[in-house]
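*Asks:* Given chain L's structure and the hints, the job is docking chain W onto it.
Chains as they are written, first to last, in our numbering: chain L, 101 to 221; chain W, 88 to 450.
In short, the hints are calculated from the structure, not lab data.
One thing to keep in mind: the hints can contain errors.
Under the rule of at most 30 Å between Cα atoms (straight-line distance), these lysine-lysine pairs were calculated in the DSS-like manner [to be verified]:
| hint | chain 1 | residue 1 | chain 2 | residue 2 |
| --- | --- | --- | --- | --- |
| 1 | L | K204 | W | K188 |
| 2 | L | K204 | W | K193 |
| 3 | W | K308 | L | K134 |
| 4 | W | K153 | L | K134 |
| 5 | W | K193 | L | K124 |
| 6 | L | K124 | W | K239 |
| 7 | L | K168 | W | K283 |
| 8 | W | K190 | L | K171 |
| 9 | W | K308 | L | K124 |
| 10 | W | K208 | L | K204 |
| 11 | W | K283 | L | K204 |
| 12 | W | K135 | L | K134 |
| 13 | L | K221 | W | K283 |
| 14 | L | K204 | W | K298 |
| 15 | L | K173 | W | K135 |
| 16 | L | K168 | W | K190 |
| 17 | L | K168 | W | K239 |
| 18 | W | K193 | L | K221 |
| 19 | L | K168 | W | K208 |
| 20 | L | K173 | W | K195 |
| 21 | L | K173 | W | K283 |
| 22 | L | K168 | W | K188 |
| 23 | W | K208 | W | K239 |
| 24 | W | K308 | L | K173 |
| 25 | L | K124 | W | K190 |
Which chain L residues face chain W? A few, computed with CB under 10 Å, are given here [stated by the list, open to error]:
| hint | residue |
| --- | --- |
| 26 | M121 |
| 27 | G143 |
| 28 | A145 |
| 29 | V146 |
| 30 | H147 |
| 31 | V165 |
| 32 | P175 |
| 33 | R176 |
| 34 | F179 |
| 35 | G183 |
| 36 | C185 |
| 37 | S187 |
| 38 | V198 |
| 39 | K199 |
| 40 | I210 |
We put the CB at the ideal spot given by N, CA and C, even for glycine.
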Amino acid sequence: MGLSNVSVLCYHINNESGEAMRIKNHPILTFQPKEIINFVYNGQAVHGLEGDTIASALHALGIKVLSKSIKTKRPRGFFCAIGNCSSCQMTVNGVPNVKTCITKLEEGMIITSDEGLGVLK
Amino acid sequence: MIEQDLIIVGAGPAGLSAAKVALEAGLRVTIFERGVAVGGQLVKQTHKFFGSKEQYAKTRGIEIAKILYNNLLPYQDHLTIELEATVVAIYHDYVVTVLEKEKYRKYKAKAIIIATGASEKMLGFVNNDLPGVYGAGAVQTLMNLYGVIPGKEVIMVGSGNIGLIVSYQLIQAGVRVKALVEAAPNIGGYKVHASKLKRLGVPILVSTTIKEVMGNDSVEKAVVVSLDENWEMIPGTERVIFADTICIAVGLSPLHQLLSMLEIEMRYIPELGGLVPLVNDHLETSMKNVFVAGDVSGIEEASSAMVEGSLAGLYAAKELKMPHHDHERLERDLHAQLTNLRFGPCGLKTRNGIKKLKESGPC
Chain L
101 MGLSNVSVLC YHINNESGEA MRIKNHPILT FQPKEIINFV YNGQAVHGLE
151 GDTIASALHA LGIKVLSKSI KTKRPRGFFC AIGNCSSCQM TVNGVPNVKT
201 CITKLEEGMI ITSDEGLGVL K
Chain W
88 MIEQDLIIVG AGPAGLSAAK VALEAGLRVT IFERGVAVGG QLVKQTHKFF
138 GSKEQYAKTR GIEIAKILYN NLLPYQDHLT IELEATVVAI YHDYVVTVLE
188 KEKYRKYKAK AIIIATGASE KMLGFVNNDL PGVYGAGAVQ TLMNLYGVIP
238 GKEVIMVGSG NIGLIVSYQL IQAGVRVKAL VEAAPNIGGY KVHASKLKRL
288 GVPILVSTTI KEVMGNDSVE KAVVVSLDEN WEMIPGTERV IFADTICIAV
338 GLSPLHQLLS MLEIEMRYIP ELGGLVPLVN DHLETSMKNV FVAGDVSGIE
388 EASSAMVEGS LAGLYAAKEL KMPHHDHERL ERDLHAQLTN LRFGPCGLKT
438 RNGIKKLKES GPC
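Only chain L is shown next, with the shape it has when bound in the complex (with noise of 0.2 Å):
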């Protein structure tokens, strides 16, 4: 409750990590550093920045492709980034259906590909 987690903005900067999509310099925004958030994607151990939703880091990787359709099995990747159109949806901590562009990535998150629909438990 109250005000203490609320963030205006998140910036970010390249952490010479390689990553070939974050921006390196930009004209208006300045960068911070800031903190390695490590993450497992299908298995694989890959890491983010701290402020990072989970599609933003996973972008940030090259991977566009977060999922596939239910039915016709085609790829799906994120449309909107604000939780709207449910296109980015995935498994998180084995939790499906997740939508990833408003999920802020966390340390040891375990994220993978949703399949179908996703189960009750």
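*Replies:* Then chain W, alone, in the frame of chain L:
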């Protein structure tokens, strides 16, 4: 169940502005925001705003977000902001259900301001579901909030102000804009933005649309095609443009779902972007003490969203018998600001939309 004077859905320019006025009036306020930060779409707007000083003209959107948030800091005792908190339902008894960290929580309010904003419209073309086809706002979020580029080469679809501004921002981030296509015969946005792109060598193709994108798992190239005066594709004019990203900037629709759930009276007004609620002069909907502000009540600029937010906060306070100490002056000033923002040729569409809405029937 947690009880509150005022619940605001959405921490964008409208929601934050509403909170400030309501807090000044002494209300206890909770804001729910489904995103990870406050500021709504302001947090990715690196360009300077137009308008007048009341709406922070000449200030960049990202700075305005900070100002609006800082304005709330003196009232922390009366304010709660919940992030990553999605309002999934509102009921007729003013109970609000919120999904926070996989838990459903119920809140109850005396008044509710719905400031959910808008979502991007999609465009029909072959393979438009391929990863790499993104809304212009999504691209802006990715670049300006998270510092990640959407791809190496982009085709922008739509030459309204969003298409023009985001194209420029893509170039600032080091991305190559291969072409900007516009279905209409003329550029839709301000000339000043289009000229910037032209000077940088971006081809602006009018009377042109995107017919198809191709790629294995994500976009690799696109086919664009010329349109005749009846907006029909002209056979034989197809051209292939290589790009890994298609950015769709063809307009926005109000996020009306919570209003529809409350069976609030709505009208379809194309000039305002789609389904919008009927409102009285106090921005109150057909349900008592439920107010709207910002793009959810009709697509406009962030400047008008801020003014509408302040007005909604002002009227919510009055309805709850805790009027703002400066109610009359603020009411007069804010209405004058709105009129001013909607003045002139650029405000014509909005003025027509509002006129249509008012004439569509009683609230």
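*Asks:* Confirm or reject each hint.
*Replies:* Now for the hints, and whether the structure bears them out:
1. A distance of roughly 11 Å separates the Cα atoms of K204 of chain L and K188 of chain W; the hinted pair therefore holds under the 30 Å criterion.
2. A hinted pair counts as satisfied when its Cα atoms are at most 30 Å apart, and K204 of chain L with K193 of chain W qualifies at roughly 23 Å.
3. For the given pair, K308 of chain W sits about 34 Å from K134 of chain L by alpha-carbon distance, which is inconsistent with the 30 Å threshold.
4. Distance hint between K153 of chain W and K134 of chain L is fulfilled; the C-alpha atoms sit about 20 Å from each other, no more than 30 Å.
5. Distance hint between K193 of chain W and K124 of chain L is unfulfilled; the C-alpha atoms sit about 44 Å from each other, more than 30 Å.
6. For a cut-off of 30 Å, the pair hint linking K124 of chain L to K239 of chain W stands: about 14 Å separates their Cα positions.
7. As the CA atoms of K168 of chain L and K283 of chain W are separated by approximately 39 Å, the hinted pair breaks the 30 Å bound.
8. The straight-line distance between the Cα atoms of K190 of chain W and K171 of chain L is roughly 29 Å, inside the 30 Å bound, and the hint therefore holds.
9. Between K308 of chain W and K124 of chain L the CA atoms are separated by roughly 26 Å; this keeps the pair inside 30 Å, and the hint holds.
10. For a cut-off of 30 Å, the pair hint linking K208 of chain W to K204 of chain L stands: about 25 Å separates their Cα positions.
11. Between K283 of chain W and K204 of chain L the CA atoms are separated by roughly 35 Å; this puts the pair beyond 30 Å, and the hint is violated.
12. Restraint check: the Cα-Cα separation between K135 of chain W and K134 of chain L comes to about 26 Å, which is no more than 30 Å; the hinted pair holds.
13. Of the pairs offered as hints, the one joining K221 of chain L and K283 of chain W is violated, with about 54 Å between alpha carbons and a cut-off of 30 Å exceeded.
14. Distance restraint check for K204 of chain L and K298 of chain W: the Cα-Cα separation of roughly 36 Å exceeds the 30 Å cut-off, and the hinted pair is therefore not satisfied.
15. Restraint check: the Cα-Cα separation between K173 of chain L and K135 of chain W comes to about 43 Å, which exceeds 30 Å; the hinted pair is violated.
16. Taking the CA atoms of K168 of chain L and K190 of chain W, the gap is about 27 Å. The hint holds against a cut of 30 Å.
17. For the suggested pair K168 of chain L and K239 of chain W, the alpha carbons sit about 24 Å apart, so the restraint of at most 30 Å is met.
18. Restraint check for K193 of chain W and K221 of chain L: satisfied, since their Cα atoms lie roughly 23 Å apart, inside the 30 Å limit.
19. Among the hinted pairs, K168 of chain L with K208 of chain W is consistent with the structure: their alpha-carbon atoms are about 22 Å apart, no more than 30 Å.
20. Distance restraint check for K173 of chain L and K195 of chain W: the Cα-Cα separation of roughly 42 Å exceeds the 30 Å cut-off, and the hinted pair is therefore not satisfied.
21. Taking the CA atoms of K173 of chain L and K283 of chain W, the gap is near 42 Å; set against the 30 Å cutoff, the hint is violated.
22. Taking the CA atoms of K168 of chain L and K188 of chain W, the gap is about 25 Å. The hint holds against a cut of 30 Å.
23. Of the pairs offered as hints, the one joining K208 of chain W and K239 of chain W holds, with about 24 Å between alpha carbons and a cut-off of 30 Å not exceeded.
24. The suggested pairing of K308 of chain W with K173 of chain L holds, with an alpha-carbon distance near 21 Å, which does not exceed 30 Å.
25. Under the criterion of a C-alpha separation no larger than 30 Å, the hint pairing K124 of chain L with K190 of chain W is inconsistent with the structure, at around 38 Å.
26. Because the closest C-beta pair between M121 of chain L and chain W is about 5 Å apart, less than 10 Å, the hint holds.
27. Interface restraint check for G143 of chain L: the shortest CB-CB distance to chain W comes to about 18 Å, outside 10 Å, so the restraint is violated.
28. Restraint check, A145 of chain L versus chain W: the minimum CB separation of about 20 Å is more than 10 Å; hint violated.
29. The interface hint given for V146 of chain L is violated, since its Cβ lies 14 Å from the closest Cβ of chain W, which is over the 10 Å cut-off.
30. At its closest, the beta carbon of H147 of chain L sits 14 Å from a beta carbon of chain W; the interface hint therefore is violated under the 10 Å criterion.
31. This hint holds: V165 of chain L has a C-beta 5 Å from the nearest C-beta of chain W, less than the 10 Å allowed.
32. The beta carbon of P175 of chain L is positioned within 10 Å of a beta carbon in chain W (closest approach about 5 Å), and the interface hint is therefore held.
33. Against a cut-off of 10 Å between C-beta atoms, the interface hint on R176 of chain L holds, since the closest Cβ of chain W lies about 7 Å away.
34. Below 10 Å, beta-carbon pairs count as interface contacts, and F179 of chain L has one with chain W at about 6 Å; its hint therefore holds.
35. For G183 of chain L, the suggested interface contact is upheld, since its CB lies about 5 Å from the closest CB of chain W, less than 10 Å.
36. Evaluation of the C185 of chain L hint against chain W yields a held restraint, the C-beta minimum of about 7 Å falling below 10 Å.
37. Hint status for S187 of chain L: holds, given a least beta-carbon distance of 8 Å to chain W, under 10 Å.
38. For the restraint placing V198 of chain L at the interface with chain W, the shortest Cβ-Cβ distance is roughly 9 Å, inside the 10 Å limit, so the hint holds.
39. About 9 Å separates the beta-carbon of K199 of chain L from the nearest beta-carbon of chain W, less than 10 Å, and the hint is met.
40. Checking I210 of chain L against chain W by beta carbon gives a least distance of about 15 Å; that is not within 10 Å, so the hint is violated.
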